[in-house]
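K.L.:
Start from the sequences, fold in the hints, and give me the full structure.
Protein chains in written order, with the UniProt record's numbering: chain L, 1 to 133; chain F, 1 to 553.
Think about it this way: if two alpha-carbon atoms lie no more than 25 angstroms apart in a straight line, the pair counts; the simulated DMTMM-like pairs of lysine to aspartate or glutamate are: (1) F/K464 / L/E96; (2) L/K129 / L/D29; (3) L/K122 / F/E456; (4) L/K103 / F/D479; (5) F/K464 / L/D119; (6) F/K447 / L/D29; (7) F/K334 / L/E96; (8) L/K122 / F/D468; (9) L/K103 / F/D468; (10) F/K447 / L/E33; (11) F/K450 / L/D119; (12) L/K73 / F/D479; (13) L/K3 / F/E443; (14) F/K477 / L/E76.
Selected chain L positions facing chain F (Cβ under 10 angstroms, derived; list incomplete): (15) Y36; (16) G38; (17) L63; (18) P95.
If you're looking for bench data, these hints aren't it; they were derived computationally from the structure.
Quick caveat, the model's predicted, so the values are computed rather than measured.
In this text, a Cβ means the ideal position worked out from N, Cα and C, and glycines have one as well.
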Amino acid sequence: MRKIRVLAAKPGLDGHDRGIKVIAAALRDAGMEVIYTGLRQSPEQIVSAALQEDVDVVGLSVLSGAHDYLFPKIMELMRQKGLDDVLVIGGGIIPEEDVPAMKAVGVSAIFGPGANTGDIVKFIQENVKRRLN
Amino acid sequence: MSGQNFDESLRKWQAGVDKLLAKRPERKAAFHTISGLPIDRLYLPAAPDDDYMEKLGLPGEFPYTRGVQPTMYRGQLWTMRQYAGFATAAESNKRYRYLLGQGQTGLSVAFDLPTQIGYDADHALAHGEVGKVGVSISSLKDMETLFDQIPLDKVSTSMTINSPAAVLLAMYIAVAEKQGVGPAQLRGTIQNDILKEYSSRGTYIFPPRPSMRIITDIFAYCASDVPQWNTISISGYHIREAGSTAVQEVAFTLANGMAYVQAAIDAGLDVDVFGPRLSFFFNAHSDFLEEVAKYRAARRLWAKIMRERFGAKNPRSQMIRFHTQTAGCSLTAKQPKNNIMRVAFQAMSAVLGGTQSLHTNSMDEALCLPTQESVTIALRTQQVIGYETGVTETIDPLAGSYYVEDLTDRIEAQAAEYIRRIDEMGGSVSAIEQGFIQREIQEAAYKYQKDIESGERVVVGQNKFVTDEEFVGDRLKVDLSVGQAQAQALAALRAGRDNAAVQARLAALQAAAKGSDNLMPLILDAVRVYATLGEICDTLRGVFGEYQAPMTI
Numbered sequence: 001m002r003k004i005r006v007l008a009a010k011p012g013l014d015g016h017d018r019g020i021k022v023i024a025a026a027l028r029d030a031g032m033e034v035i036y037t038g039l040r041q042s043p044e045q046i047v048s049a050a051l052q053e054d055v056d057v058v059g060l061s062v063l064s065g066a067h068d069y070l071f072p073k074i075m076e077l078m079r080q081k082g083l084d085d086v087l088v089i090g091g092g093i094i095p096e097e098d099v100p101a102m103k104a105v106g107v108s109a110i111f112g113p114g115a116n117t118g119d120i121v122k123f124i125q126e127n128v129k130r131r132l133n
Numbered sequence: 001m002s003g004q005n006f007d008e009s010l011r012k013w014q015a016g017v018d019k020l021l022a023k024r025p026e027r028k029a030a031f032h033t034i035s036g037l038p039i040d041r042l043y044l045p046a047a048p049d050d051d052y053m054e055k056l057g058l059p060g061e062f063p064y065t066r067g068v069q070p071t072m073y074r075g076q077l078w079t080m081r082q083y084a085g086f087a088t089a090a091e092s093n094k095r096y097r098y099l100l101g102q103g104q105t106g107l108s109v110a111f112d113l114p115t116q117i118g119y120d121a122d123h124a125l126a127h128g129e130v131g132k133v134g135v136s137i138s139s140l141k142d143m144e145t146l147f148d149q150i151p152l153d154k155v156s157t158s159m160t161i162n163s164p165a166a167v168l169l170a171m172y173i174a175v176a177e178k179q180g181v182g183p184a185q186l187r188g189t190i191q192n193d194i195l196k197e198y199s200s201r202g203t204y205i206f207p208p209r210p211s212m213r214i215i216t217d218i219f220a221y222c223a224s225d226v227p228q229w230n231t232i233s234i235s236g237y238h239i240r241e242a243g244s245t246a247v248q249e250v251a252f253t254l255a256n257g258m259a260y261v262q263a264a265i266d267a268g269l270d271v272d273v274f275g276p277r278l279s280f281f282f283n284a285h286s287d288f289l290e291e292v293a294k295y296r297a298a299r300r301l302w303a304k305i306m307r308e309r310f311g312a313k314n315p316r317s318q319m320i321r322f323h324t325q326t327a328g329c330s331l332t333a334k335q336p337k338n339n340i341m342r343v344a345f346q347a348m349s350a351v352l353g354g355t356q357s358l359h360t361n362s363m364d365e366a367l368c369l370p371t372q373e374s375v376t377i378a379l380r381t382q383q384v385i386g387y388e389t390g391v392t393e394t395i396d397p398l399a400g401s402y403y404v405e406d407l408t409d410r411i412e413a414q415a416a417e418y419i420r421r422i423d424e425m426g427g428s429v430s431a432i433e434q435g436f437i438q439r440e441i442q443e444a445a446y447k448y449q450k451d452i453e454s455g456e457r458v459v460v461g462q463n464k465f466v467t468d469e470e471f472v473g474d475r476l477k478v479d480l481s482v483g484q485a486q487a488q489a490l491a492a493l494r495a496g497r498d499n500a501a502v503q504a505r506l507a508a509l510q511a512a513a514k515g516s517d518n519l520m521p522l523i524l525d526a527v528r529v530y531a532t533l534g535e536i537c538d539t540l541r542g543v544f545g546e547y548q549a550p551m552t553i
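P.N.:
Structure below.
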């Protein structure tokens, strides 16, 4: 079975990447391949990276509150590019009341502050949409 | 040191204190515990060790381990300065006036991310970000609204701004001019610490070298024109938030400080002219006594570095004056009311460590921007520590604790070892370019997370004593319409200003950026004719280029 490929992405302008870097390290320790976009990626750049890198999972992290604009925009672009079989998860500072709207546009799960990296690994392993063999 | 020498030092110190008190008396004529027991200004060992003066000394004297002022909080409490700002300048202005009305004694401005990265509110990358983590400022017009009815000769203002610090400072000076307040009267701080942006916070624009030039231009300009302004706040706060340990926070912050000092000296400035305007910014995390020791160790280490390495003679160049903020990264989204206690303990550690100003986080910050109620509780926390707990009645009350002194020594020694390694790499800028500092911080962050997940480190409500409690309070939310309104206001501004003057001033700035003239007067000229933040930063981007971060994961 091949390794799960994950794009760890930082859309928007916030530079707080502690969370996504910790998660990237945990996913690697769990045997996944992780590609990190670096900071300040536009929705277009992220979707293009997901396509080019042929990833199974996109993990988005936003702390600035701009998720309400950025997440729907990214999901729309992914649909346009036919990336419907890529699992998308989100994290950062995302208020509980915003979670239903994020799920409605196709983000499968939101992992907020205090989330356990083991839970994130497990969620990805159980929900990845593409075939791994 | 012999007993006689110590007695002589103490006599001199006492004479200095007497002189100071004649000018500025302490908060009370006499200090007592609740039981009525008298509290002395300073407690000392009965028989000081030979190295007492070298390691601890007396408050307000080298090496400043016991504090930077001779009477510390008996003279006056720290500045209670809550970081605030959101949405529009008009909304934030209301919050500032509310906080000043509640007894806050200084302002601290949070800018939104487009402002921090030098984009106007209508830039494509600003979509979704305008007004979210701070106030949106695109031009002098926004700044005029932000400080409307706030007399700039009466308050001191801290602005958390780094890459475009020169532009925001210029706007502040221009607003003051309109209020009839001269630059020499202005008091406050710009963060202006670009090096920690590369390693920890990410709101950089230009590469390190031109960034260092802008910073030294600000040092030089303020030394002559805005003499009371703190021209930089060298920040460990964000290094810690990015995941560093307390030791790394001290080490990387002081290493960055050394890079600024060296750059300024290389630019021909006198260390004793700009040195006194350097200030620092630390994080107050949850390991209470380690935090107290951290501040003491940082003061001692910096004093030695400035005196021994850079030859600073002015005592004010040798002392670390610092602002503290409680650790945002320690706050939990679960059981958020527990954050009130966390913040109180963290704030207490900063006070016991001798901070000059303090921001206490609000309980809801792991969830959203703080509401007015949670901000008020956070401010009251400081007031309770300052006025009720009695820890402010004597100087450096934990000095002499075997544990605290040992921790202070160890933090200093380990931080010094890091600084030695960074020196070997060619200093902070090289260490950042090589990704060394970023990797050290990342490893510490990952270890911390693993310790929480294994239960090695307990976080109440998160990995122990967990309940299903939901946060039921109000949340402050900034609507996307704020961005649209700001974009419209900008369009109106551009239509109504003297665009020929704007172009001329930007061209002059561009020419100066290519040469070596001080950029501050030219930025000020551009700001005065309402050139926008984005236009000014784009002009500089065109000359200096943009920084590309090295990949460290």
